[in-house]
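Residue numbers (this note's numbering), protein chains in the order written: chain A, 26 to 181; chain B, 26 to 181.
No wet-lab data here; the hints were simulated from the structure.
Please note: incorrect hints may appear among the correct ones.
Stated by the list, open to error - Computed from the model, here is a short list of chain B residues facing chain A with C-beta under 7 Å: (1) Ile90; (2) Ala91; (3) Gln98; (4) Ala106; (5) Arg110; (6) Ala114; (7) Lys120; (8) Asn122; (9) Ala124; (10) Ala125; (11) Asn128; (12) Val129; (13) Val130; (14) Trp152; (15) Val155.
To be verified - Straight-line Cα separation of at most 30 Å, DSSO-like style, residue types lysine-lysine; simulated pairs: (16) A/Lys71 - A/Lys149; (17) B/Lys149 - A/Lys113; (18) B/Lys162 - B/Lys113; (19) A/Lys149 - B/Lys113; (20) A/Lys71 - B/Lys149.
Unchecked claim - Just the calculated beta-carbon pair ranges, DEER-fashion: (21) A/Glu167 - B/Ala170: 33 to 43 Å; (22) A/Asp161 - B/Ala44: 44 to 54 Å; (23) B/Thr116 - A/Val129: 17 to 27 Å; (24) B/Gln174 - A/Trp152: 26 to 36 Å; (25) B/Lys162 - A/Trp147: 42 to 52 Å.
Since this is a predicted model, take the numbers as computed values, not measurements.
By construction, the Cβ of each residue, glycine as well, lies at the ideal position given by its N, Cα and C atoms.
What follows is each chain in one-letter form.
Number of protein chains: 2
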Amino acid sequence: MTNSKFDTMPAMIFARSSADWELDPLLARDTVAIGDMPLSRALLIKDATYPWLLLVPRRHEAIEIADLDTIEQAQLMSEIAHAGRTLKALTSCDKINVAALGNVVAQLHVHVIARSRSDAAWPKPVWNAVPPRDYDKAALDELLATLRQRLTLTPL
Amino acid sequence: MTNSKFDTMPAMIFARSSADWELDPLLARDTVAIGDMPLSRALLIKDATYPWLLLVPRRHEAIEIADLDTIEQAQLMSEIAHAGRTLKALTSCDKINVAALGNVVAQLHVHVIARSRSDAAWPKPVWNAVPPRDYDKAALDELLATLRQRLTLTPL
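Sequences and hints are given; from them, build the entire structure.
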């Protein structure tokens with residue numbers, strides 16, 4: 026059975042593993058874990074101003090998108106699109122903002138943010154725009170439960 | 026000859042054409058055209074503060090990344106990675122910033138920006154950070170010539 030060509034497919038598709046990958050402590054501090062997509066850990070930023078996700082590819086020492094191989098890049102884009110569609114369906118927002126900046130935290134991470142014309146920073150980008158606002162605990166739990174259901178294969 | 030399976034491959038891969046696509050006038054105003062990648066038009070932002078590219082998928086009415094089909098999304102990611110690698114090799118920058126925001130101009134466009142620890146906005150994102158600075162004409166012409174050679178299949 027182990028000679029079946031299908032048995033080896035996952036290893037071919039994701040040849041590199043998530044071994045040695047650890048979430049950067051600054052990213053961990055500002056987020057709540059949602060769960061794992063095939064490539065990325067999905068996190069929610071602790072700022073109730075906007076529904077704001079972070080996708081962090083579980084690849085050791087990846088800093089730039091070009092540090093991922095081609096199949097991982099395509100997978101990351103597919104996860105970005107899925108996260109954006111999910112946020113849009115959930116929040117009826119006006120626009121999804123997507124960004125991989127990394128000037129402060131080097132570990133490759135992608136922001137996926139639901140923006141509304143009525144939000145505190147619109148139409149400016151969210152960074153340094155307004156101070157973060159705490160989530161109400163019940164609202165946070167409900168949002169996390171929904172995101173875990175719709176977004177991830179493996180809740181943490 | 027037209028029955029060869031190879032003749033139809035480009036049409037299968039990019040089933041949708043760039044028909045009816047036109048560059049948004051605001052994006053046109055702030056940029057110089059570099060040329061066309063397979064999916065995106067590559068543009069240089071007229072701001073000498075940072076080497077700053079815009080990639081605009083030539084797809085009518087695309088606003089969100091999720092408006093592209095799966096193969097176009099993968100192609101866009103591949104063009105983003107290629108643009109980032111090219112900028113990094115050319116400028117020896119410290120970090121590539123990638124962003125698809127679109128709060129002001131709806132037409133889907135992706136910023137790919139070469140950031141240096143010594144640039145005027147570091148480590149902040151570039152938007153609204155410092156006023157744009159004009160390129161010296163000779164420097165602009167040289168940068169455009171290099172980018173046309175390394176980045177695009179079809180100089181405009």
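Comparing the hints with the structure gives:
Residue-level restraint check for B/Ile90 holds (minimum Cβ-Cβ distance to chain A is 5 Å; threshold 7 Å). Taking 7 Å as the C-beta cut-off, the interface hint given for B/Ala91 holds, the closest approach to chain A being about 5 Å. Among the interface hints, the one on B/Gln98 holds; its C-beta lies about 5 Å from the nearest C-beta in chain A, closer than the 7 Å criterion. For B/Ala106, the shortest C-beta to C-beta distance to chain A is roughly 4 Å, which falls under 7 Å, so the interface hint holds.
With its C-beta approaching chain A no nearer than about 5 Å, B/Arg110 sits inside the 7 Å limit, and its interface hint holds. Given hint, B/Ala114 at the interface with chain A, is violated; its Cβ is 10 Å from that chain's nearest Cβ, farther than 7 Å. The beta carbon of B/Lys120 is positioned within 7 Å of a beta carbon in chain A (closest approach about 6 Å), and the interface hint is therefore held. About 5 Å separates the beta-carbon of B/Asn122 from the nearest beta-carbon of chain A, less than 7 Å, and the hint is met.
The beta carbon of B/Ala124 comes within 4 Å of a beta carbon in chain A, closer than 7 Å, and the hint placing it at the interface holds. Contact between B/Ala125 and chain A, as hinted, is supported at the beta carbon level, the nearest pair being about 5 Å apart and thus within 7 Å. A distance limit of 7 Å between C-beta atoms decides the matter here; for B/Asn128 the minimum to chain A is near 4 Å, and the interface restraint holds. Using the Cβ-Cβ criterion of 7 Å, the hint placing B/Val129 at the interface with chain A is satisfied: the shortest such distance is roughly 5 Å.
Evaluation of the B/Val130 hint against chain A yields a violated restraint, the C-beta minimum of about 10 Å exceeding 7 Å. Against a cut-off of 7 Å between C-beta atoms, the interface hint on B/Trp152 holds, since the closest Cβ of chain A lies about 5 Å away. Proximity of B/Val155 to chain A is violated relative to the hint, the smallest CB-CB distance being about 14 Å (cut-off 7 Å). A hinted pair counts as satisfied when its Cα atoms are at most 30 Å apart, and A/Lys71 with A/Lys149 qualifies at roughly 19 Å.
Under the criterion of a C-alpha separation no larger than 30 Å, the hint pairing B/Lys149 with A/Lys113 is consistent with the structure, at around 27 Å. About 22 Å separates the Cα atoms of B/Lys162 and B/Lys113, which keeps this hinted pair within 30 Å; it holds. Restraint check: the Cα-Cα separation between A/Lys149 and B/Lys113 comes to about 27 Å, which is no more than 30 Å; the hinted pair holds. Pair hint A/Lys71 plus B/Lys149 holds up; C-alpha atoms about 20 Å apart against a cutoff of 30 Å.
Roughly 55 Å separates the CB atoms of A/Glu167 and B/Ala170, a value that falls outside the hinted 33 to 43 Å. Take A/Asp161 and B/Ala44: their Cβ atoms lie about 48 Å apart, and the range 44 to 54 Å holds. Judged by the Cβ atoms, the range 17 to 27 Å given for B/Thr116 and A/Val129 holds: they are separated by roughly 20 Å. With their beta carbons about 34 Å apart, B/Gln174 and A/Trp152 fall inside the hinted range of 26 to 36 Å.
At about 37 Å, the beta-carbon gap between B/Lys162 and A/Trp147 misses the expected band of 42 to 52 Å.
Hint check: violations occur at hints 6, 13, 15, 21, 25; the rest are consistent with the structure.
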